[in-house]
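K.L.:
Now for the letters of each chain:
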Amino acid sequence: MISLAGRDILHAWGKFIFTGIGLGLLIGVTLTMAGVYRGMVDDGKVLLDNSGADLWVVQKGTLGPYAESSSIPDDLWRSIRAMPGVAQAANVTYLTMQVGKGDEDVRAMVVGIAAGEPGVPGWPPHLVAGRQITRGHYEAVADLATGFQLGDALQIRRNRYTVVGLTRRMVSSNGDPMVFVPLKDAQEAQFLKDNDAILMQRRRTEANPAFNRPGVPGLLDAVIGSQTGNSYVNAILVRIRPEFTPQEVAEPIRRWKRLTVYDRTQMEGILIGKLIATSARQIGMFLAILAIVSAAIVAFIIYTLTMDKIREIAVLKLIGTRNRTIAAMIMQQALVLGVIGFVVGKITATFAAPLFPKYVLLVPGDTVAGFFAVLAICVLSSVVAIRMALKVDPAEAIG
Amino acid sequence: MSARGIRIENLSKRFGEGDTAVLALKDVNMQVAPGEVVGLIGPSGSGKSTLLKCLGAVIDPTSGRMILDDTVIYDDGWKVRDLRALRRDKIGFVFQAPYLIPFLDATDNVALLPMLAGVSNDEARQRALELLTALDVQHRAQAMPSQLSGGEQQRVAIARGLVNRPPVILADEPTAPLDSQRAMAVIRILNDMARRFETAVIVVTHDEKIIPTFKRIYHIRDGVTHEEAGEGRGFD
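For the record, the sequence lines run as chains A and B.
Okay, so the first sequence: first residue is 1 according to this note's numbering, each after it adds one.
Okay, so the second sequence: first residue is 1001 according to this note's numbering, each after it adds one.
Please keep in mind that the hints were generated in silico from the structure rather than gathered at the bench.
Hints may be right or wrong, so weigh each one.
To be verified - No more than 27 Å apart at the CA atoms, straight line, and that leaves these computed lysine-lysine pairs for DSS-like:
{"no.": "1", "chain 1": "A", "residue 1": "358", "chain 2": "A", "residue 2": "346"}
{"no.": "2", "chain 1": "A", "residue 1": "45", "chain 2": "A", "residue 2": "358"}
{"no.": "3", "chain 1": "B", "residue 1": "1090", "chain 2": "B", "residue 2": "1026"}
{"no.": "4", "chain 1": "A", "residue 1": "60", "chain 2": "A", "residue 2": "184"}
{"no.": "5", "chain 1": "A", "residue 1": "391", "chain 2": "B", "residue 2": "1079"}
{"no.": "6", "chain 1": "B", "residue 1": "1090", "chain 2": "A", "residue 2": "391"}
To be verified - According to the in silico footprint, chain B covers these stretches of chain A (three or more CB under 8 Å from chain B):
{"no.": "7", "region": "2-13"}
{"no.": "8", "region": "308-320"}
Unchecked claim - To give an idea of the interface, some chain A residues facing chain B are shown, with a C-beta separation under 10 Å as derived from the structure:
{"no.": "9", "residue": "325"}
{"no.": "10", "residue": "393"}
{"no.": "11", "residue": "397"}
{"no.": "12", "residue": "398"}
Heads up, the beta-carbon is just placed ideally off N, CA and C, and yes, glycines get one too.
Isolated chain B, as found in the complex:
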């Protein structure tokens, strides 16, 4: 089976030791193909955030395997050496709040990632402008985050997540602060970008409005996931 996109096998995460140990994730299995957008839903305390942090290479799983774009990241205690570079090059993040760097304009907020990877300033800004154009915020390219509307900030944040062409994007409640129309616009953009850049997108959400748009959904409860087919409705 191809391992492009992201795949996790029997991933577990335990916090603490002995009697106080909490098993936050129990043998989780998941696969998201390039160009696919899946939903990850579950109640508070179900393990969503823990799974997202494991997928984002922010915390290490206790056991299990994770393969990202044909590269093994974790394998039962073993992990790649440079997780920082992995996050920079292979994983895009979109947060509930945009969390743009307030002292950089929209272009440089997006261009910062390729610059960190060693790409020249001019080329990084060129890439950023292309993405901002694709997301229809090119007219706000020179604006500071404080001058952007909430929707514009979220689109810039999506552009930042995509700029290094990562094989996977992790979106944590990306529509939470938005109204229905803007939430649907964000989900449409994520779907468009996923197809366009062959990126696997995992959207963690509580948002009832957007859940019907997913073709595949992973439910998580008490650290255990199960997969089900979604409705896959349109975005209007």
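Chain A extracted, bound-state conformation:
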């Protein structure tokens, strides 16, 4: 038996190809949306991977340092370093801000890393060019996505930094590229005020009789000194010894240091379950709408193609064609349309993904799931046309 669907497609191939391309662009958008979500999840995981930490020690009762602000004294890391099971501990600060790039600026997450050496938690684990930070001030390592080159100058607040190293895929959970600077500079950047603000604060402090006591010389200077400095960090990144479990190390820190500690699983839960949950729901809604629109388009196209063949279907039924042969013809055409659309969509998504400002991750599993979803949508969409075709009276062929 010849394939009626195949012959019809070959006969009207232009109609099928152009319709398939239109459908494919829609499927491409759908696949890209799924890729945006996967990219967000991957950004979160990359952030955790690149931090090099097993535990995140943050201010008690907060979801810091990524989902909420967290502030803990910068001298706590020493006592945590001495806790059982802790191999390494390092202060870290995170601040998302606009970083000056010549006359322009770029959105970046500025990461303050403690003095040490590569391998210390918080340091960029690998560079694609240049070197790691070796000085205590005014050097930076930037992600390629910031657009900086080696030797470029970048501006954070009032200070200028020289880019000495470049890294890749170091991003925040929002997809903002990272800029690593020395911890002290980052702490200053978090609290640094302009000169006028500093002068006004000094005047206020001087006018406060509680701080400016005639009988206590030096108190005013001490207070002013404490107001202009910053001895806080956002978190302490902890790497544990292999023989310990995260829980064994985290529990004493929680108990004795009165701090909140998250392990990798909990931090993933915060990033994916809370930080990007709203965005994920948003994308989910888009995916659902796009799936419905795709189904409606396929249904409409197949319905129209079938309507165009009503007389032929009546003749086919009159000369004894089985209903299932006619139904198979319509369903096969819907499936072919879906396959053409999926191939076009996959190609579109693959080539379009790198053009997006945020990371778009096209996962093979999503591609396979998308393919079967498209086929399912096509089968369901052809039902309306099949029902109509089966209702065609063979007598219509006689007149």
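Given the coordinates of chain A, work out where chain B should sit on it, guided by the hints.
P.N.:
Relative to the frame of chain A, chain B by itself:
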């Protein structure tokens, strides 16, 4: 009496119920022998199409009997189970317009019926080519319907009606869109094929040009038929 070809006895068809009921066919009797071509003529609304649909097993008669090639098809409310297979194997259709499947070439338009009946593609195409040759359109065997002239399309449609060697062919106004010369050619082909394949042919027509060619004519008016002898002239 032999029932080869087609025979109907007291066939009636009523549409609707009660006060709105319309009796479209009233005790119609008809017999067409194998190899015979008869005309069925009548004005619009006389019941021609209804009779053709009953003969084509497309709609069920309300009462009466229909015997096709020694097989009872309808008998006062009873009918054979698989009318679709019956139409495919026992009845050939030729329409006013050829209604060829636009995405199949001439050969496959003809071969489709035997393929639907389970005949292999090669054998079905062989049968189709034989018929296209008999109808003198073998040179257009690979052409799509849109590439065929009106006359060629009608000959392909006739080949499709004949390909399963049905005992009866129902031709609904087969010459309506054709000029006199081509109309006569179609009627000649139908007569030739009827004789060659021992097929009973019923031609529904308004066409004054071809009515004199029938040896027997059934007139139908208000759902009632009566038979009369035709002129049986030649086809030139």
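K.L.:
Each hint: holds or not?
P.N.:
Cross-check of the supplied hints:
1. 358/A x 346/A: Holds, because 19 Å separates the two Cα atoms, which is no more than 27 Å.
2. 45/A x 358/A: Satisfied, since the Cα-Cα distance of roughly 15 Å is no more than 27 Å.
3. 1090/B x 1026/B: 25 Å, holds
4. 60/A x 184/A: Holds, because 23 Å separates the two Cα atoms, which is no more than 27 Å.
5. 391/A x 1079/B: Roughly 21 Å between the alpha carbons, so the hint for residue 391/A and residue 1079/B holds.
6. 1090/B x 391/A: 23 Å, holds
7. 2-13: holds (count 7)
8. 308-320: holds (count 8)
9. 325: 7 Å, holds
10. 393: Holds, because the Cβ-Cβ distance from residue 393/A to chain B comes to roughly 8 Å (cut-off 10 Å).
11. 397: The hint holds - residue 397/A has a Cβ within 10 Å of chain B, the shortest such distance being about 6 Å.
12. 398: Status holds, d = 6 Å.
In this structure, none of the earlier numbered hints is contradicted; all agree with it.
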